[in-house]
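Peer 1: Sequence:
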Amino acid sequence: MAEDMKKVYARTKAVKESGNSFCPGCMHSTVHKLIGEAAEELGMLDKLVRVEGVGCCGLGQLYVTHDWLIAAHGRAGAVATGVKRSSPDSLVYTYQGDGDLAAIGLAETMSAANRGENITVIFVNNGIYGMTGGQMAPTTLIGMKATTAPAGRNAEEHGYPMHVSEILNQLTAPKMIVRTAVDTPQNVMKTRKYIKKAFQNQIEGKGYSIVEIVTSCPTNWGLGPIESLDFLREKMFAEYPLGEFRMND
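Take the sequence shown: its position 26, counted from the start at 1, is 27 in this note's numbering, and no numbers get skipped.
The hints are simulated quantities; they were obtained by calculation from the structure and are not laboratory data.
If you're wondering where the values come from, they're calculated on a predicted model, not measured in any experiment.
Watch out, some of these pointers could steer you wrong.
[Unchecked claim] Each computed DMTMM-like pair below joins lysine to aspartate or glutamate, with the alpha-carbon atoms no more than 25 Å apart:
(1) 48 x 90
(2) 34 x 90
(3) 191 x 42
(4) 17 x 47
(5) 191 x 231
(6) 191 x 235
(7) 236 x 158
(8) 34 x 228
(9) 146 x 228
(10) 236 x 205
(11) 34 x 205
(12) 8 x 42
(13) 236 x 250
(14) 191 x 158
(15) 197 x 47
(16) 8 x 47
(17) 194 x 42
(18) 194 x 41
(19) 207 x 250
(20) 191 x 41
(21) 197 x 18
(22) 191 x 250
(23) 34 x 231
(24) 146 x 240
(25) 194 x 90
(26) 194 x 250
[Said to hold, decoys possible] Pair ranges (Cβ atoms, derived):
(27) 10 x 152: 29 to 35 Å
(28) 41 x 245: 21 to 27 Å
(29) 204 x 239: 25 to 31 Å
(30) 156 x 66: 42 to 48 Å
(31) 41 x 158: 34 to 40 Å
The beta-carbon is built from N, C-alpha and C at its ideal position, and this holds for glycine as well.
Modelling step: build the complete structure from the supplied sequences, incorporating the hints.
Peer 2: What follows is the structure, encoded as structure tokens:
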């Protein structure tokens, strides 16, 4: 009977078969899987180039099988621009957290988007700096505690949470801007569809696409994996509602 069984699902070849060191409840591993599956479905795995930021995003180098390089903190958008312009046949994506993309890398992010660079941006928004120590990020919620805001984020002192997708949606050039999640099977499937669409836009030379993925960080939130899912759905999604801001054909 085993000989008659048909394989309906296989591990993506974009990720090594070894385990990973992401914290329990972290969603980075799921996002890595979806990136690989999308590239494989498009037959572009051999052309895939990853430009990653530092911190937890930089751990991807330990797990991916495709080409990769690490940009200086915040500079992934600029580095990816150079890679794509010098190797236009490559499928280039950045993999960045909120501190990398929206704090130190805000200028590079805005500039690449405003120029309509033909790259794909995977933006992992968990509302806090991860491996670098749990500091407050531009996306940290009001009242949310961080090592640099032990009493919680205060709007008068720290400003308000930054909504990257909404800001980029004010620009003319970006082709695709979406905010999604991977907390449920339905959202996982939807996110894979978005990543594939963003890659397809790049293949067709349509320009800049960003997929913002709102995720959890149990370790730096000080919550267990299950509790962090509740916080994600009750607090993070309230501040960062999921949806499509721009899906130009």
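Peer 1: Just pull the numbers of the violated hints for me, sorted ascending.
Peer 2: 10, 13, 14, 27, 29, 31
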